[in-house]
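Chain order of the listed sequences is E and Z.
With the working numbering applied, the first sequence covers 338 to 627.
With the working numbering applied, the second sequence covers 338 to 627.
Just to be clear, a hint being listed does not mean it is correct.
In the BS3-like style, the derived pairs of lysine-lysine whose C-alpha atoms are separated by at most 27 Å in a straight line are [claimed, not checked]:
id, chain 1, residue 1, chain 2, residue 2
1, Z, K566, Z, K463
2, Z, K341, Z, K366
3, E, K366, E, K463
4, Z, K463, E, K396
5, E, K570, E, K434
6, Z, K577, E, K463
7, Z, K463, E, K471
8, Z, K463, E, K577
These are calculated hints, taken from the structure and not from any lab test.
Remember, predicted model here, so these are calculated numbers, not experimental data.
2 protein chains.
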Amino acid sequence: MDIKSYLKKQAELINSHIERLIPSGTPEKLFDAMAYSLKAGGKRIRPVLILESAKAVGKEDVEEIMDIAVASEFIHTYSLIHDDLPAMDDDDLRRGKPTCHKVYGEAIAILAGDGLQSYAFELISKNNRLPSDKLLKVIYLLAHGTGIYGMVGGQAADILHEKENSFDDIHFIHTHKTAKFIQSCCQIGAVLAGASQEEEKALKNYGLYIGLAFQIQDDILDEIGDEEKLGKKTKKDREKNKLTYPAVYGLENSKKMAQEYVEKAVNEIKILRSPEILIQIAQYIINREV
Amino acid sequence: MDIKSYLKKQAELINSHIERLIPSGTPEKLFDAMAYSLKAGGKRIRPVLILESAKAVGKEDVEEIMDIAVASEFIHTYSLIHDDLPAMDDDDLRRGKPTCHKVYGEAIAILAGDGLQSYAFELISKNNRLPSDKLLKVIYLLAHGTGIYGMVGGQAADILHEKENSFDDIHFIHTHKTAKFIQSCCQIGAVLAGASQEEEKALKNYGLYIGLAFQIQDDILDEIGDEEKLGKKTKKDREKNKLTYPAVYGLENSKKMAQEYVEKAVNEIKILRSPEILIQIAQYIINREV
């Protein structure tokens, strides 16, 4: 099976567990809004990276860490709902469908995002199959990678950026907005698999590098991608005067830089027991069309 | 010392620990926005309840649980920032000062709220003085009490309420929007103090009852409170057609119901080793003017 088909199959597996773990309750509209955004599809790359990182250091039974993987997608989904808000990126479409606030209104979209964040931590903290110290470290990595020193900080920098200082800014934004969360996912997989310090460090570095490559490829796809395949308008970043790699370094240099990050990532994980899938994921990240 | 002065002193203690724990970093504006809202004052009743609940079941050294207490205030502050947003309650003033989005803009206010939530969990999960199993339960209680089955659910219900079904709705809203978070704080104090199951249950029930009394008193103060003392406009709830106890049951009945909840709360904790302060807090809740 080629990596594209493999990732599709893994995404379907994640989707079935998301379905299992979607919370229900009152008020219905809040829960509907969360379910709507959770079911909107996507590559599920963060949960897949948690599972594949764990496998790469020898974990065979990933069933027991499935809830943790899903929790990472709950956090990712919350961030998408909030990013799409009128006060933020003001997007009407996400994966070819109306964004959460277009369907449920702004107030419920804000609360659905807030609720998905807290529910991710609720889901991890109520897990009774994994030891407390591992769960606590998972919570730390997730909160740190997606919070003020990670994703939230990067998103704020993205909104506030000053064009003048582009080279530093673009690296800060991409590292924080995207790479740190992906890094946390790879490290979470390592922790859950009981990896050695050396293995954990390799996966941590791998995560950072593929995270950067991933965001550069996102920028490139926004420039030259296929709107139909992507399920959203392209050239939005340019319209919004966003700081992107193609805008700062040009398209060809950006491709080269993404390639270099992938090589660095692959280099890091050669010491692992079974790095094959992760190597292919790294390469796929810059070859993908969606 | 009377309870009002005691609570003021405790709030000052909490404030000094908030100062110690306010995060700093880049982008500055995001961190400024969080600090601005954290420093805006307030009763700090949630952290105080964590500390006092722990003391009531015999915990003497509350220094080591101070970071957990502060984390609860980070969550409370995030909820205030988001509640004040134009798409939500649309408030310009909070505790006599311009609200976060009025000073920093909506996008940064949304992110400051998101970031305060994740940083609360980061703060708890990186604690290295308390055992992992206790920290994990604290995270569960906090996430559960403030998430979709607690505060976020209640806030959504408040926004979506249908006037027709007032009696059920008002109880649902107050229980979820306010009481469940306060309940979690009392239970967190119990867990951190190593309370017995019976003691934990007593504090859990106490928390629910004083939480309801607290919200009813908030509704009453919105009707008849002193704008200057409160640092905000009164009669806002009525203007916004909000479901409140005075609106549904009338002012006198509301006062009576708050009194009844306080009596129930006091009754629950009589079995504790040192319930005196918690009893006085319960009574203060319905006598307070701010």
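Original post:
Which earlier hints turn out false for this structure, listed by number in ascending order?
Top reply: 1, 2, 6, 8
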